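Engineer: Chains as they are written, first to last, in the numbering used here: chain Z, 329 to 808; chain V, 329 to 808; chain B, 329 to 808; chain P, 329 to 808.
Copies of one chain are not kept apart here, so a pair can be met inside one copy or by any two copies together.
Pairs of lysine to aspartate or glutamate, EDC-like flavour, derived with a Cα cap of 20 Å:
id, residue 1, residue 2
1, Lys653, Glu788
2, Lys364, Asp335
3, Lys673, Glu413
4, Lys486, Glu645
5, Lys468, Glu339
6, Lys364, Glu339
7, Lys486, Glu779
8, Lys468, Glu404
9, Lys505, Glu457
10, Lys653, Asp709
11, Lys505, Glu454
12, Lys673, Asp411
13, Lys673, Asp410
I should point out that these hints are in silico values taken from the structure, not numbers from a laboratory. Predicted model, so just to flag it, every value in this text is computed and none were measured.
Protein chains: 4
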Amino acid sequence: MGLRTADEFKESLRDGRRVYIYGERVEDVTTHPILKISVNTAAGDFVLTHMEDPEIRDLFVVSHPETGEPMSRYFEPPRTPDDLEKRLRMIGTSIRVTGGLPFGKDIGTDAMYAIMAMAERMGKPEYLERARTYLEYLRKNDLNLCGAITDVKGDRGKTPAMQTHPDYYVHVVDQNKDGIIVKGAKIHITGAPVANDILVLPTRQMRDNEAEYAVAFAVPANASGISFICRPGRGERGPAEFPLGAPVRDLVEAMIVFDNVFVPWERVFMCGEWPLSMMLAYTFATYHRFTAVSYKIPIVEVLAGCAVAMADMNGIERAGHVRAKLVEIAAYVETLKALATAAIKSPVMHGEIAVPSPLITNMAKLHFASHYHEIIELIQDIAGGIITTMPTHLDWQNPEIHDYLEHYLSGSPRFTTEERLRMASLTHRMASSAESAHMEVTTVHGEGSMEAQRMMIYLESPLKEYRDLALAAAGIEPRG
Amino acid sequence: MGLRTADEFKESLRDGRRVYIYGERVEDVTTHPILKISVNTAAGDFVLTHMEDPEIRDLFVVSHPETGEPMSRYFEPPRTPDDLEKRLRMIGTSIRVTGGLPFGKDIGTDAMYAIMAMAERMGKPEYLERARTYLEYLRKNDLNLCGAITDVKGDRGKTPAMQTHPDYYVHVVDQNKDGIIVKGAKIHITGAPVANDILVLPTRQMRDNEAEYAVAFAVPANASGISFICRPGRGERGPAEFPLGAPVRDLVEAMIVFDNVFVPWERVFMCGEWPLSMMLAYTFATYHRFTAVSYKIPIVEVLAGCAVAMADMNGIERAGHVRAKLVEIAAYVETLKALATAAIKSPVMHGEIAVPSPLITNMAKLHFASHYHEIIELIQDIAGGIITTMPTHLDWQNPEIHDYLEHYLSGSPRFTTEERLRMASLTHRMASSAESAHMEVTTVHGEGSMEAQRMMIYLESPLKEYRDLALAAAGIEPRG
Amino acid sequence: MGLRTADEFKESLRDGRRVYIYGERVEDVTTHPILKISVNTAAGDFVLTHMEDPEIRDLFVVSHPETGEPMSRYFEPPRTPDDLEKRLRMIGTSIRVTGGLPFGKDIGTDAMYAIMAMAERMGKPEYLERARTYLEYLRKNDLNLCGAITDVKGDRGKTPAMQTHPDYYVHVVDQNKDGIIVKGAKIHITGAPVANDILVLPTRQMRDNEAEYAVAFAVPANASGISFICRPGRGERGPAEFPLGAPVRDLVEAMIVFDNVFVPWERVFMCGEWPLSMMLAYTFATYHRFTAVSYKIPIVEVLAGCAVAMADMNGIERAGHVRAKLVEIAAYVETLKALATAAIKSPVMHGEIAVPSPLITNMAKLHFASHYHEIIELIQDIAGGIITTMPTHLDWQNPEIHDYLEHYLSGSPRFTTEERLRMASLTHRMASSAESAHMEVTTVHGEGSMEAQRMMIYLESPLKEYRDLALAAAGIEPRG
Amino acid sequence: MGLRTADEFKESLRDGRRVYIYGERVEDVTTHPILKISVNTAAGDFVLTHMEDPEIRDLFVVSHPETGEPMSRYFEPPRTPDDLEKRLRMIGTSIRVTGGLPFGKDIGTDAMYAIMAMAERMGKPEYLERARTYLEYLRKNDLNLCGAITDVKGDRGKTPAMQTHPDYYVHVVDQNKDGIIVKGAKIHITGAPVANDILVLPTRQMRDNEAEYAVAFAVPANASGISFICRPGRGERGPAEFPLGAPVRDLVEAMIVFDNVFVPWERVFMCGEWPLSMMLAYTFATYHRFTAVSYKIPIVEVLAGCAVAMADMNGIERAGHVRAKLVEIAAYVETLKALATAAIKSPVMHGEIAVPSPLITNMAKLHFASHYHEIIELIQDIAGGIITTMPTHLDWQNPEIHDYLEHYLSGSPRFTTEERLRMASLTHRMASSAESAHMEVTTVHGEGSMEAQRMMIYLESPLKEYRDLALAAAGIEPRG
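Full structure from sequences and hints, please.
Structural biologist: Set out below in structure tokens:
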């Protein structure tokens, strides 16, 4: 084993997990009309590892370091800039080929390697050993993982111990010789109901009276006491929309409730080491923002392409202000790519594990997030009102009015009316739909808010070095 | 007559008009599940003119200058800054009280008064007379109007005469002693299928070989040859959403096809006077952007309120960065209001008709549009991921999981969990839904693109005056 | 008396005041090569009140409310929007006609009216009486005032009482039946060495253990114990520069040291009322920011004019990106003017005294300051490198190279080479010189930093109102 | 020979060159009070090649590929990413160690390698041979070069052939068997009067009727017919300023007039090949912008340091808004560095010569330029008004007032008053002085305007690739 097929993966999700959507309990996520989209999206990863194209196979499949058996590259910790670059390309290729976000092994191993990077510092050798054993288990069973970090948080002005009840952050409520019992809820967990295992990490710095909140562990999705409450897709694409070039790919969002869930010790990776809670969250965040940049690159390339294509189809591609806007869009995309390149070039090492430069990775994520809405505005500007007022595909198919649409809704004669409407429909989806609005929010909050990225840039940037250069230039002795 | 009731208005829409939506012909717009929302929204204006609250009545109802009969204030041309301020308040109040955009008499009379402002310059006295007669007709029959300006345009790099067929801009195809025959299509016409009459204006400067495109006229919505092809609502609000404080208000977008439509001479307000086509579009644009500012003020006030309320409910209202963001939002809203105040104070007079300052009105619209996406980003930032990943109302009602939601999804103890979810739901609707995405595009393109506003600011701002001040300061003689 | 001549004003400055500049004590400010520029600049106000142009006279001179004698309009407290508009125009006209900032009676009466607006709340009737008596004294003697507010502050992370010595904020060190003794230093006081009287106000909220810092008073500039330490002009304009259309106008910056200065009780307007210290500073700030907006409008108009003129002279006025930049500049200027208009329309009344809307006034100042550097960048962009690399006037006058310059440095043939170089020289002064760099900093810090304006916008904007609108829209009961 | 000393370099400038400054002919640039600053600044390069520190020597000195003799690294064309990185570090180190811009061999070889990169395409083998011979000459004589590109341009709305006289762009006026005669003037040439040789390139695309303007050549600075007209330093630093940690380094700007200058054929590198004029300018621009980024990195690091140091000294380093501003500054600096890293990683090869990625290099320069004024604003904001109103060093030295300054002008007790004033003085110089204002303009215009960078980003970015990705996503066949 080591490389499951998409069908094996789907089969594994029929395991009695407790999933709710639209207020109803779902019997089988693989057949539910909305959840099956998520299943198919996540299954993309298992399709890729079986592709014959040698370039794709080389990117997604590696040999187990001991057994030599083929296994997913996600399960091999990155140790060099080259490994990081391969991971970047693997995630990007995943989107480009399957059309969907992976959001499974990628984010799961972001959490996994953060645990491994911190394990040695915990002062207990068993943590690293458990992590290695668990990684071996993932490799052998080729599991789809989800990383669950963000707690529901209650009053954001208060720490876990100050809240009106103790459950706003996942915490240990009991423990015995076999394991621990945990309670709480994690939220905004994309794709959670289609994972095999859940990897839970703390979301913030805990204090000395909050040791029970410093807890990290892995648990199967069908463990007793776990419920998933899903937020339906971002506006389903029905028959009204013009068909596009590929099937819809999407992942539901979920809240995961842990109602006194038992976790055996061999799956516990932190339990009470509160001084390291922040550092664990922080290392995860860097990995995860690097993953984010990796999958956002192909997305913003297509967004940019919508602008270029709509400019061509509207016949405005030579207008000065349109060119200026395309330059702004291109610089946005290419700066993101250049920052990813630079982040890879100067990784931080935790033991054998390479973490991409925390400074540049956070800058890349902040660049992406802080200019995203501007870029959307530019695309909407170039594309025109048509992307939101266009007739539906049902109108297009009605012979009573089809000819009107054909006659009136064309643009540049280099494209047919239908082509223009298909492109407008794609642009609608990516820049003016329920889905794009959802994307705006995940841009702001996914992988941590911009304030979180600013805090890490504050901590990681060489402010003191700059200061000492200035002191020297002013002829002043540097000091601490 | 003079003030119809909402029911009379609705009745008048059952007139055989040819309306399509989702590819199907609609028999009765007042009963169609989607279109009736538009009908009710437009009907709000007729509810307001019958309200007993004297403040509202004074704002919405005036006496006919000759007969003294009550009639809608929309049908009295503004002549003073005070009239403009009343119009501003009337439109704002309309949104505040009914929850919906009027988009009927307001935009219709934007077009009407643009026609009247230009009529005298046309060189034919009958134009002004026809306009006055038509205004009297509107007053008497209390009609709901729609202004149809934007043509489908084809290749934007080409003028009407250069296109691959002649129909990308509405034009006169024939004329006789009774009237004219017009052909073409107008697009992005909000609320068109629930208007009684359509007022058509040219959308751009025409050239000497394009005289047939310089045409303005009024026509009933059920005239032979007219079809409406609607874009369904912006993402209907179903039972999955948390209920809010008022019924949903919304207007469909429509394309209006004119398939050889006859217009009698008494309803023709421009026919061939191409040198004035731009000035007519331009005067309409100023009026219409002032209307836009009027209705956008109450909308952005509620948007700002979502940010304040979510900050309170999340318990982050005292964080420094949140305060800074609220200041930015408040300054955005209040600058819009201050610009409206200033635009009113210095109107341009066309005969007796007062047009709000074109310079400041365009600046106000550009201010609104050019910062809107930033403001949305700030609101998303403050509100949190919850606005897009929150469980549905159906989950809330399911007793199996209700207690989880109640327990885990509260924020500041000053509000209940349900209140927080209702506010998150409102914020979702206004800042991260299909509807808000649509609103982003209409912000960019509605009432003309930002480039159109920049062009008018270029033409209207005192650049030469500035230059002469600088020349004087440098001791240089001013020149032309 | 009541209206002194410029000569009388100059004579009054020869009063033994203790002024230092470039490390040397100045005997007579009216003859010192640098300080006389400040004297002439301040004297402009006395020139204006004697001008015969009736429009200017009406603006600058009013009748004493009791005696009917002519006196400066500055000494009549504004009571209506119309008074505020006159004050706005008076200050603007002052710059336009004399070419210099007034920075005397304007800022002095900003402080005076803040004192009067607060006097009634102090709980001691003598304060208001003293203020009125002092105002009468100013009227009779037509004094040039300076308002001294900003303390040197020491460690900005600490309040006055926490500092390493007690003198970082001006404070009362002793008092007796005749008056008080004060110590401390005020900084960044533009034009101070050419004022007749200094009006001192606290700069921040004081606490209960800081009552001695809550002190406001007036004192003559030559009082014993006062020293002025000046910062020389912003880069003097020597013979190397091309001559412009008017003499140089400028004001030195000064630090004022109060070394145990005696102030008689009749000139003390606050002494110990620490709870009102913030409100006094705050009311001054609003007045003063309104003054700032008043004089910045003519400055930014000339700045805008430099951009338009240089575009013309460089022959790029038709390029699309240049037009876009001019639009941005024009919108910046006109928004500032529109905000001033709106601030006047909704004043806050303190007794009889009208204070322009604190919310809109702070928005106007923040608008000015937060976009100023962008505007400078646009002007530099349009004007070209010539503004900083251009040959000097001395080169122009050298016949060996004059013809080279004449031949090579012209632009559009509509202007002579000399005209282009004069305009480049004005643009250099206003946008790329020591003076413009100084102006950038005073833009950021003059009249309080942008953070100070944001704080006032936070306090003054209707955030709670917005919130209640949103709560109502979500169907939630408003609460406190 | 091959590595001259600083003294040898200085001696070489006493060669009869015709230099004017402040309207006067300069006999000896090495002794003129202003020009000697430029001489010393340029001499820094010759100091560096003689330093014993092995790290510096390895960076600045290489062995001649044939003779093995030591020579300046500038004279070895970059062939690999590693060469480019060394060039980046060499230029940065030059600033860090000598405190001054090199602006000699760096910009000279930017021009040299652009010529070599284009030489093969010219269709005449002699061009490449001449370039190689000239490079050998530079190596042997260790010359200080200047690259002269920007013409005076006249009316920017017209091409060279459309102007009112033919001399607004340097052009060939005659030619014979020995060489060519050129006429015209180049402007904004930093450091020109202290170069040994001038390398001239065309500044734009020429047309078929403008072949005489497509000319590139090298000429000694003292050639007959050449005059330099200098713009004096950016505001000299006199005794009034607080002393800093290093001597002043600066370079004058100059206009170079070519009054019928003879150039022998062996120094002519383009003569009439107008179709390649743009490509030559373009390749130079990429090299030169890379050089710009190289020297701007250490400058912005010190600028950032001023902000950090002033925050510490003012005691505001813990304020939330100050941290946010420092994050913005740090992200600005580090993004510039990351883009340089990425530009090096993907060079374009012209034969053997590596040109850093034109796309990313232009993005880096645009990043630097388009945010520079914002960064200056942030630094001014953090530093406070003190940087522009502070007393002079002459005041500090006057015992009558020294104690006042010592007592009142300190900030955080961790630094002395004098240290704070020295730092304020450095910050003044870098962010609010004549020098910093000059730097703002060179930021906008140096190495080409931002519009020029946008044009290159437009041409170099993969817009078509993006478009084809979007077409594929919409199910549309890509087309040309």
